[in-house]
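Undergrad: Sequence:
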Amino acid sequence: MKILIIEDEKVLADSLKLMLEAKGFEAEAVYDGESGEQYAMLNIYDLIILDIMLPKKNGYEVAKAVRAKRNATPILMLTAKSDVDDKVQGLDAGADYYLTKPFDARELLACVNALLRRQGSQVNELTFGNTRLDMESASLICGENNVRLSAREFEVMRMLMVSGEKHISKETLLTKVWGYDSDAVENHVEAYVSFLRKKLISIGSDVRIEAMRRLGYHLECDEKC
325 MKILIIEDEK VLADSLKLML EAKGFEAEAV YDGESGEQYA MLNIYDLIIL
375 DIMLPKKNGY EVAKAVRAKR NATPILMLTA KSDVDDKVQG LDAGADYYLT
425 KPFDARELLA CVNALLRRQG SQVNELTFGN TRLDMESASL ICGENNVRLS
475 AREFEVMRML MVSGEKHISK ETLLTKVWGY DSDAVENHVE AYVSFLRKKL
525 ISIGSDVRIE AMRRLGYHLE CDEKC
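Take the position in the sequence shown, starting the count at 1, then add 324; the result is the number in this note's numbering.
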């Protein structure tokens with residue numbers, strides 16, 4: 325599970341990141357609203373932890389922008405404000421839950437787990453066409469056939485399934501799968517897409533990874549998905 329933390333108090337943001345990683349989550353932290361919105365729009369996160377008082381763009385604006393793009397990722401809003409009107413404004417902006425600072429770490433983890441549970445089977449499994457990606461076993465499953473994926477194959481396939489028929493660029497895949505500091509180049513993405521195409525064929529999947537020049541990749545299937 326990937327969690328995005330948008331919090332301008334760097335010490336708090338980094339502490340939350342470490343705490344979530346210790347619980348088995350993948351977590352990334354950004355420290356202003358503009359950057360947070362850009363990350364959130366990648367639509368690769370299972371949960372967004374969003375502060376309200378942020379530089380460049382406040383949390384209300386970020387939440388509204390995310391929802392305007394029909395991004396349904398759960399949002400847990402954090403704030404030092406405890407007035408009912410502030411809570412209502414946050415929920416109206418698109419937040420799913422509202423947590424007032426200071427909070428206990430156990431309370432935050434309970435909220436995180438509750439919001440993730442609301443997604444039901446989507447938390448443990450992604451589906452496109454006749455094919456499922458099991459999040460726990462990192463396996464592609466089609467009927468009775470299945471194949472295990474390597475860590476990078478899994479992350480590439482996961483992002484493709486989340487994006488579905490929407491294009492995801494090679495640059496985005498490089499950044500999110502290999503990391504900002506990696507020496508990996510676009511050929512690495514092409515190689516892993518080739519591996520995934522072969523594995524999809526091997527299990528009889530009707531899912532195809534299509535490439536569009538300058539736009540990147542998207543998924544299609546033989547029957548209408």
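It is worth saying that the hints were derived from the structure and are not from the lab.
Every residue gets a Cβ at the ideal spot worked out from N, C-alpha and C, and that includes glycine.
Wrong hints could be hidden among the right ones.
[Stated by the list, open to error] The following label-pair restraints were derived from C-beta to C-beta distances: (1) CYS545 / LYS347: 12 to 20 Å; (2) LYS380 / GLU468: 46 to 54 Å; (3) ARG430 / GLU460: 36 to 44 Å.
[To be verified] Restricting the straight-line Cα-Cα distance to at most 30 Å, the calculated cross-link-like pairs of lysine-lysine (BS3-like) are: (4) LYS522 / LYS425; (5) LYS341 / LYS522; (6) LYS522 / LYS388; (7) LYS494 / LYS326; (8) LYS425 / LYS494; (9) LYS334 / LYS380; (10) LYS393 / LYS326; (11) LYS522 / LYS500; (12) LYS326 / LYS388; (13) LYS381 / LYS393; (14) LYS523 / LYS490; (15) LYS334 / LYS388; (16) LYS425 / LYS523; (17) LYS494 / LYS522; (18) LYS341 / LYS494; (19) LYS490 / LYS326; (20) LYS326 / LYS341; (21) LYS381 / LYS334; (22) LYS326 / LYS500; (23) LYS494 / LYS523; (24) LYS334 / LYS347; (25) LYS500 / LYS347; (26) LYS380 / LYS393; (27) LYS393 / LYS425; (28) LYS341 / LYS523; (29) LYS490 / LYS381; (30) LYS393 / LYS500; (31) LYS380 / LYS494; (32) LYS522 / LYS381; (33) LYS341 / LYS380; (34) LYS425 / LYS490; (35) LYS334 / LYS393; (36) LYS500 / LYS523.
Undergrad: Sort out which numbered hints this structure fails and list those numbers smallest first.
TA: 1, 3, 4, 5, 6, 8, 16, 28, 32 and 34
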